[in-house]
Every structure is written in C-alpha cells, then in structure tokens.
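K.L.:
Below are the chains, spelled out letter by letter.
Number of protein chains: 4
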Amino acid sequence: MFFASDNTGPAHPRVIEALTRANEGHAMPYGDDAIMKALAARIREVFEAPEAVVHMVTTGTAANSLILATLATPWQTVFCTPEAHIHEDECNAPEFFTGGAKLTLVPGLNAKMQPDALHRAIEAEETRGVHGPQRGPVSITNITERGTIYSPDEQKALADTARRYDLPVHLDGARLANAIARLNCTPAEITWKSGIDAVSLGGTKNGLLGAEAVIFFDPANSWEFELRRKRAGHLPSKNRYLAVQMLAHLENGLWLECARQANSAAARLARGLKQITDVSLLFEPEANMIFAKFPRATHQRLHAAGAQYYVWEGSLEGEDPQEMLTARLVCDWSVRDEDITRFLTLAQGS
Amino acid sequence: MFFASDNTGPAHPRVIEALTRANEGHAMPYGDDAIMKALAARIREVFEAPEAVVHMVTTGTAANSLILATLATPWQTVFCTPEAHIHEDECNAPEFFTGGAKLTLVPGLNAKMQPDALHRAIEAEETRGVHGPQRGPVSITNITERGTIYSPDEQKALADTARRYDLPVHLDGARLANAIARLNCTPAEITWKSGIDAVSLGGTKNGLLGAEAVIFFDPANSWEFELRRKRAGHLPSKNRYLAVQMLAHLENGLWLECARQANSAAARLARGLKQITDVSLLFEPEANMIFAKFPRATHQRLHAAGAQYYVWEGSLEGEDPQEMLTARLVCDWSVRDEDITRFLTLAQGS
Amino acid sequence: MFFASDNTGPAHPRVIEALTRANEGHAMPYGDDAIMKALAARIREVFEAPEAVVHMVTTGTAANSLILATLATPWQTVFCTPEAHIHEDECNAPEFFTGGAKLTLVPGLNAKMQPDALHRAIEAEETRGVHGPQRGPVSITNITERGTIYSPDEQKALADTARRYDLPVHLDGARLANAIARLNCTPAEITWKSGIDAVSLGGTKNGLLGAEAVIFFDPANSWEFELRRKRAGHLPSKNRYLAVQMLAHLENGLWLECARQANSAAARLARGLKQITDVSLLFEPEANMIFAKFPRATHQRLHAAGAQYYVWEGSLEGEDPQEMLTARLVCDWSVRDEDITRFLTLAQGS
Amino acid sequence: MFFASDNTGPAHPRVIEALTRANEGHAMPYGDDAIMKALAARIREVFEAPEAVVHMVTTGTAANSLILATLATPWQTVFCTPEAHIHEDECNAPEFFTGGAKLTLVPGLNAKMQPDALHRAIEAEETRGVHGPQRGPVSITNITERGTIYSPDEQKALADTARRYDLPVHLDGARLANAIARLNCTPAEITWKSGIDAVSLGGTKNGLLGAEAVIFFDPANSWEFELRRKRAGHLPSKNRYLAVQMLAHLENGLWLECARQANSAAARLARGLKQITDVSLLFEPEANMIFAKFPRATHQRLHAAGAQYYVWEGSLEGEDPQEMLTARLVCDWSVRDEDITRFLTLAQGS
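Chains as they are written, first to last, in the numbering used here: chain A, 21 to 370; chain B, 21 to 370; chain C, 21 to 370; chain D, 21 to 370.
There may be inaccurate statements among the hints.
Unchecked claim - Listed below are several chain D residues computed to face chain C (Cβ distance under 10 Å; list not exhaustive):
| hint | residue |
| --- | --- |
| 1 | Phe22 |
| 2 | Leu39 |
| 3 | Asn84 |
| 4 | Glu146 |
| 5 | Thr147 |
| 6 | Tyr261 |
| 7 | Ser284 |
| 8 | Ala287 |
| 9 | Ala324 |
| 10 | Gln328 |
| 11 | Val331 |
Hints are computed from structural coordinates only; laboratory data are not their basis. Keep in mind it's a predicted model, so treat the numbers as computed, not measured. Beta carbons are placed, not taken as given, at the ideal position from N, Cα and C, and that holds for glycine.
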C-alpha cells in the first residue's frame, strides 16, 4: 500500500529494457550522442515544435531552477502559488540558481493560480522604481501540487496576463503526462499553444529511473541554459542513459500509458473512499493525487497495517481518535489493484 | 578506437544487472531506501571508516562543488593546481556553489601539487587581514588530470601542510579507483589515513551509468551537505538507482577490476606508442591516461580512420604535416585489444 | 513643503561642525581610527551593553542585509511583515547578501508583526525536513514602515516567540530614535532588553549625511560581519567621516532631539489634518509618519503649490476630483512650522 | 610621517566647504538631486563624453565590483594582473557581485599588464566549450597598485586586444587623477579614447571624504547598474553629499591639483631616498607610490619615531638588522614637506 509519492515506484520494465539496449559501445559525452539527437527530434515531433531545444537533467528541482535562472534576473520576482513546489519543496533552490530573485506568492484556488489574482500581483510589483523587486517570470504547475488540473484555456488566460507585461511563462510539468492523459489534449495544446515558454517535463514520477527534460520553445535560451546547467553540475557526461529513458517514454505513448494507469488507480481509490462514512475528499481528484480527511483512528489502523502515505495536516500521535486528519495519497503507474482494495477495506474499518 | 575520455564507454554489465534487480516494488525516496543503507555500510567497511557519511550525486562537478561549498566560506580561497578539474572544467561551478570563493592556483609538477609550493601559496594568502581572501580548503585530484598519481605519502605531505593551518583537504577522486588499482594500497590509506577529509568518489568514468559518492569522514558535515545538495537540485528522489550502481561497483571489487582493465589497456597503448619513431610521451603514464606527441600527419591519419581522442595542444588543421601535436588518450574499462592494435598500427603508419 | 521622506532633509549643523573638526591630519583607515573607538565606547554606554560591537555603513539596506546575511544561512527563511523595508524596498538585497535565503511574510496589524502570527508562521516552516526552507531570523522594524511603534513589551513578546525556536532577532532601526523619543524608553529597553540580537541603527533619516551603525550585542558575530562588509564594498576607508557623524548624534542627545522635532512636526501636521473635512488618517500617527486619505482635488492643489510627498494609493491623474487617494507624509527634523501651516491651509482649500 | 596610504589623509578644505554649502534645505533622494545633475553634466564635459552616465558610490571596491558585475556573466572570467586590487584586496568582492565569475591572472611587468600576455591568456580560455570559464571583461588599474602608469597608447594596445574578442574593458581609476597629472593627458585620452568602456573614478584617496564615481561611456549599462547598486545597498539616499564632493573636485581642477601635490611629494621623497646608501627603489616611481628596500634597522628606527607605512615584504621583527625589507610609501595630497624631510633624515640615520 504505497501512496507516499509517485517517486517511490519502480521504473517501467520497458524503460529498463531500453536502457539495457543503450548500453552498447562508446558514445560521445555531454549530450553529443545519437540517442539525445533522436530524443530531441522526437520531442519536437510530439510537441509539434520544430524549433524547440531539449536538455536533460536528473531532478525536477534542477529543471525548474535552471529554467527560472535562465528566464529571470536576480532582481526580479517569480510569480507562483503558495503551494508551488518551487516555493515549498526546493529549499530555496530558485533563489540559489537565480542569484537571489524573489518569489511572489499569488493566492490560488486549490493550488490553481487565478488570472485576476495574477494580474493584481503583477500590478502590485514594480511600483517603486529601482527600490522594489522587478517583475519576472510566471511559474505554474500542471497538474498542481494538490492534484488539480489547468485546462489549456485556463493556462492561456494566465499566459495572456503575463504576456501583457512581457513576462515569460514556465510550466512545472513534473506530472504533465497525468494532465495530458486526463485532459485528452495534445502536448502542444497544454504547452506552447497555451502560452508556455519553457517546460520542466517530468519523467521520474511517471516510471523513469531519474530523468527530466527541459524544453525551451525559443531556442535563443539554449546556450545560456547550457552554461548554467554545466556550472550547476547538471550536465551529465553519460547523457545517453538519461536520454534513452525519456525516449523510451515517448515510444508508443508509454508516458501517457503510465499516467493513465496512475490516474485510474487514483480514481478507483477516490471512488472507494467517497463511499466510506467519515471520509471526505478536500476536492474532486482530477489526476493521480487525493487529499482526504478521516479520523485519526483510521489513520492509525492504516499505518499499523503498513500503508505508506503522508499525513498532510494533523499528527498521527494525539489523544482524540475521532479528530480528522488529512491524508495525501498519490498513485504511481505501478500501484496494484489489491493494494487499493486492501487500503479501502482497512479505511472502512471492517 | 575510443580514447576521447573514460566517460564515453558503456556501463559494466554487472551494473546493469544490479540495476535491473533493484527495479522491484516501491522504495522510500531521497536516500531513505534499503539499498542506500547497504551502500553506506559497505563504504564504511571498504574505507575502514565507521563514522563516515555517504551521499550520492550524479556528476563529479556536483560532488566537488558541493563538498567545497560545505568546507569553504564565500570569503575563502581554495588551493588547487592550475590543471585541476575544479578550475579548468567546471565553468565556475565551485565559485557558484561556494557563493563566490576564489581558487588559488598552486603550481604543480605534471599536475601534482608540491608541498613546498602549497606552503608558499598558503603563506601568501591572508596577509592583509580583512582585505584579502581568507585561507580555505586544499583540493587535490588523484589520479590527476594529467594521469599522474599521488602516493599516500605524497598526499599526506600535502595534508600535513594544510593541517598546520587548520585547512581541510578535499580529494577529487573521479578516477580514484585507477589510483588504488595502480598503487595497490587500501582505500583508507589513500584517503583518511593520508589526511583527506572529504572524497568525491567517482563511478561514472569507471563503468557506472552516472553515479558518484560523496564521503565525509567527519559526519558533522552531513546535514549542511544535505541542505546544499537539496537546494542545488542534486537530491535524487529515486536514490536507489544511484546507490545500486555504486553498491554493484563495490561488490567483489568490481570497481578495481574495471580500473585495472583501464590501466592495463593504457599501459599496452603506451608501450606500443613508445616503440614508434616520432612519438614521444610527455611523461610516463601511471594509470589510464596518456599524453603523447606525434606529427600532424599521424593525427590526421588516425582521425580519418575514426580514432576518437582530443588533440590537447595544436590543431588538426595546419599546413606542416610534421608539426608535433599533443594527443590526450584515455582508456576506459571496455577498451578492446583490437582497437589498441589498430590504433598502434595506424600510428606507425604502416 | 517637503514631506516626501525624512531622507530629503539636510544634515544637522552640529553634525557638519563635528565633521569639519574631524578633518584634521591623518587617521588610520578602515575603522582603526580614534573617532571610531570613541563611537564604539559611546554606543556601548548609551545602550548599556559593554560587550556590544559596532560597525559603520552608509545605507540602511547595507546594514539590514549584512546583518541578515550574518544571522541567516542561505537555506533559511527570514520572518518579516509584508510591509518590511527588507521585503519591499531593497530590490532583493537580503536575498543577494544571504546567498539566496527566502523571506516569509508574517501578516501584521498596521505593519506590526503579531506574536500569534509569528508563531504560526514559524510552525508552518520546517515541516518538510530537507525539502523546505529552514527557519531563520526574525526581522522587525521600529518605528515600522507605516509609522507605528512597538513598545518594548511588544518587541519582547515577538523575541520570546523567536527564542523558543532558537531564532535570532534583528531590529531595523532606520527610525529607532523616533521610537525612543516617543516611547521615552532607554535604548537598552528597546533593544537587547527586549530580546534584540542585532540593530541597524539609522542616522541618515534623522539628520546625518549618510551613516548607519550596525550593533551586535553578541561580539561573536563581529568577524564574519567584517568579512561580509568588506566583500560587499561597505568597508569605508576613511571611516572617521562616518563615525564622527554618529558620534555627533549621540553627543548631548542630538539624535533624540532631532527625532523629537520630527515627531512633533508630524503631530502638529496630523492634528491639523484631522480638523479638515474630507481628510481621514488611516491610523493614529505615533512618530514622524502620517498616512492620510483625501480627495484627488486636494492632492492636485497641494502638488501644484509645490508640496512634495508620495501618493501612496491611487493616482494624481484621474477624472474624479472627489476620489480619495492616500498620501504618505513624512517629517524630518528640519521641517519648518510655516511649511506645515501652508500645507494645512492648502489642504483646507481656503 | 604618514605614508601608510593615501586614504589616511584629510579631505581637502574646499571639499568640506562645498559640502557645507550643499547642506541647505531639502533635496530629492537617490540621485534625483540638482547637484547630481550638475556633476553628471560636468563629468560629461571633462571627459568629452556627452553620452556618458554617472553613478556615485562610497568605495572603490563597490565601484569596481558593481561595474564588473554589470559587464560580466557569472560563467565568465575577468582578466587582470596578479597585483590587481580586485584580486588581492577585495576579499572576493568581484566573485560575490558577479555571482561567481572567476579572475584570470595575466602576468604583468611591475603590475602593468602586457598585450602579449593578455592575448595568450584570452586565447587559453574558452577552449573547452561549455566546460571552461567563458571569456569576460579585461580590468586594468591606472596608476597600478605598484605606482606605475599606463600611457594612453599602452592602454589602447590592451583594449585593442580585448576588442578583437569583443571583451569590454574596465579601468580601476582609484588613483586616475595621479596618472592624468603625471601624463599630462586629457581625461578622454586615458579613458574612452584608449578603449575603456567603464571607469571607477576614485576620489577618496585624492582628497574627498568618501566618494567614487562610476562612469559608463555606453549608457545602455545604466539601468542594470542602477538595479545592482540598489540591491547591493550602494544607492545613497542623501546622494547630494556624495555628488557635491566629486563636483568640488572637478571645480577649477582641484582633483588634478591634489594629485599633483601627492605626486610631487612622492617625487621629493624618492629623490631623497635614492641618495641614501642602503636604500634602493624597486622601480622608478611615476606617481605617488614608492617601493623601497632598506635594512631592518632603518625600518625600526623610522617606526620608533612614528613613521607610518606598510612593510611590504619581510617583518619588522627579526634578528638581522641588515636584512633588507621592502617599504611601500604612499603620499597623499596633504603630506607636509617637513614630514618628508624628517623621514629622510631618519632614513639616513644621521
């Protein structure tokens, strides 16, 4: 019963197979290998973006921070939600990589930034000339850190707001495949067609070993990114082993297949939870992440039985067995049906 | 004929096998997995260092820079040779990670730092109170960037010099296995027993896919390193896939077996080159790296035939076919005997 | 009619006289001069803090940022209000000097941080181990950026909250003299006796030419501060000209005399404004700063007559003459009675 | 007998007078004052550079570092001599302000960079693509840190070399007036006419209280510099007190008058020293700085009599009274003839 995060699951066997096949002979290092060239071509095709440039890194934090450092100057502020991974979960990585830019928190609805709020936040900055932070990039996450999803139109409304101030837009796509699988849209529609300038395209949470792609739709950013990646220790020498993972992902739609499996596991789990008295969902789950409230006693029973997930609000320790605590439950591509069944049975208390 | 670098070769099949075996079920992320615990225990055993702490990263630049940032303040200077990877090949990564520390270049002999020169360099710093850079860590590389080797005693002489000024010592061990294989010493002798405080233990150049271990012999450095690693985007979520590579390396001495293969391939290549008229070695190769001078015409013949290596000094283009250009030739564990034979035949011009 | 800021006024003549007297002969540079020694002794006496260390800088931003950089690591977050000068008016200087620390905004009441809100903000950080920002210093401003004042007890309640988490407390005292003059407390009571660890003691806004003192009550911070000051270009070579300003300030209570003049000018201005129909004060002014709302037509009349102040909310341009716009009015020590009278007459519209 | 540095002397009385006159009424802060406008106009006139932009800061380290940060990216290296103030005397300030750029040391002759050596140093960088530091600005000092002087032609030869690689050139002019006074050239000839892009124009060492001007001949750099200055805490609120110092300097050529006095004091001192047995000058002094070798006994006699200067090489303590130690002797504008006479008498030992 592993619902702690989608980064706890294994890599998909087809990824391991591709990696094993790639382990033949010598290959030029630092991205100058044939697999990387094939991957870049494939991404341009999948995203319908013939000019796009692609770089590989090993973590989402690296992808996000290096992109933001390329798009923002140190005296700017990045607009994001209070729930953004770049704000809450990167130990000040964006501040480090940008050389001291600030993050301005734009309140959202279930972690989704609202165009009006973004407009107000942008307007409130840069009113003091040289004294205040200057306006910088807008960064959104799809699916969000709360499992909610922006439609292409919703993204476009935000991007249009940014565009009015000439601000670039970054998409943290650590779980972008889950959004695309659910929205049934094209990769182009959820990125450049809805105003995105740069994407952190996640793979690790979706069945890879540890590989994320950075995509810039404007190739002018490429060389600066390359220098920043190198001096941050994120230029992989044996790049082929990163590229081949992402390439395997894009072969025959494996990335969306994995995402669909994760989404439907979460949907099944959510359906089951909703039928249990004492369990309430904070909001309707749209992809592979569920926030659910239920009594401490239920949490304790689940944990005792080995269920793994984060208690998001409240503490397992505590006197009142009826106090309601919030669980965050995340499904990865490999979650087994029997684990969901067992979890639901335990949650039901029967 | 792949002699461009030891990071162009494939991973050792036993590493791929171990990785495949590790790809089972769920594992807690960020280093909290069973394989990482096994690896840390194994490294403590192999290095006879029961207190040592171990962290995994994916590149040597990350290992070096994160260690230096942990050991140095932004107002210090790091003592290294002009040939050091941290100086020449990391696009100012140490300056970035340390928040602006300086590198003081200590002249060496064939890239080996000399205790007298180090002593003079340390003495020359910190003579101006608050105005000048303050003395910081000493960083050496073994085997060096020119393929030469420090004996444990030579390292100790440098570390003793540093110790007199209370300066910590970092060992860039991107190719440490090659040194140990050649010196036939213990890992402890070439690290903490000869005064080293922190090691970048390379794996990528020696048959892994992309995995380097950071070892601190004083565990007090661990938490700061952990925070720095996270905010630099170098904390791997699916850490097991890094740990298992290094663990496979240390099983049954695979790391030294790979290093020995690389060293002996280089030895064979060097022996052959020495017998060719017009070829001279810049210095006696001690591990898996050779610097050789021979005429442009020979270089052109080799390159035309597909040999891959860097022309270290001089340019392939040029009028005089007899001009002497320097080649850097590096052997990895997988270099084939027939490639060496073919290279030597071509070099001989017959 | 100069109410734009208290940094627009001249230096007090007694400061110029002291400066002129100090311009005799040679003096050792970088703070090693007799005047600096006298100043440090005087500050220790005035603040009843025999261990305190004192450093001079030329701007408040430098004082604040250098103190925060000394107290915070790059992976921490500084707790301050949304109105804090360090957040709104320093173009990311704290982020720059700390090497990328974050600022966590603690909502306040009229720019005064509340202990409960601080407690909640501290609790909300550092709940994600290595992933989130770590808890760092608390920074408050007295008088605040809205002209309100913390009593020693109010400061102590905040400092006690910080202390429970072992967090140091910084006081931005750009206008500390105005607070002391109004509270009629001792400098010790409003600083270390109420839990403050480090003070930016402003002088520039209070009748100096450009001189701020940094005071650490724990001398252990001194050397790191000194190194940070030097490498930030804030170590003055001819330090005597800074020290003598602050020393003149502390002679015969000139600093409090200047502050009292500024405060009472503001009090007179506020009293007058309150008697005018259509003018309302946002909150009762406690020192030398007033926030007042009145119709656009009045603003236009005042500006046309040469009054200088910032329109804080709203715009001078606009169609509706009755729309209410907020003015920020700041009095410095040199404001003339006749200017206040004239301003009030103009505001009254008669 | 004050020869420790030219920053130990007093400000020129005419500067104090101008400052006192400027202390009238209110003035807009942050450079938006009438005196600053007059100064900028005056500098454009004196330097025959109608497009130049001017900013004031309080220290040479701030001027140098802020200029370099504006001209260099964090992944570049700055070319300077080993004796450069930015390398030896700023506690890594350039590394801090640039966000981690490197300094490449170009060997010089008596601290003067040679075009050939610069050419070789530039060529040696950027040979490794993304891996090595990228080529950045060239920074020279005139007069140098050893008191030697570049002629306009010598500067131009260096700037031409830089220009071939599209690299900007920075002039650290902490003592530029001393060079102009000696060379009898125009300010334009020693700056933009000889290829300089940005100047740190020193005033503090030449009779001001603490004021340095930054001049960019290309105004495109101005806004970025302004943002960098602000976030480094170097934007002075009461800017008029800085501007008025520099303006007084440029009135009736006071800056050159002060420089001439300092130069001729040094010339007299040098002439006297040369006539003393046992005293040798390291090189012919060209401006206001002398490096002289004489026996420890003489040093001890001078110090006992109160002479202030730095022993540059060697230590006052030591057994052998005949050991030769090097003195650095610097004259400021206010050095008195009788002090020189007394120093020479003491040095002579009679």
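K.L.:
The structure should be examined with respect to each hint, and the outcome stated for every one.
P.N.:
Hint by hint, here is what the structure shows:
1. Phe22: 4 Å, holds
2. Leu39: 7 Å, holds
3. Asn84: Status holds, d = 8 Å.
4. Glu146: 27 Å, violated
5. Thr147: 30 Å, violated
6. Tyr261: 4 Å, holds
7. Ser284: 18 Å, violated
8. Ala287: 20 Å, violated
9. Ala324: At about 18 Å, which exceeds the 10 Å cut-off, the nearest Cβ of chain C leaves the hint on Ala324/D violated.
10. Gln328: 7 Å, holds
11. Val331: 15 Å, violated
In the structure shown, a violation is registered for the earlier hints numbered 4, 5, 7, 8, 9 and 11, in ascending order.
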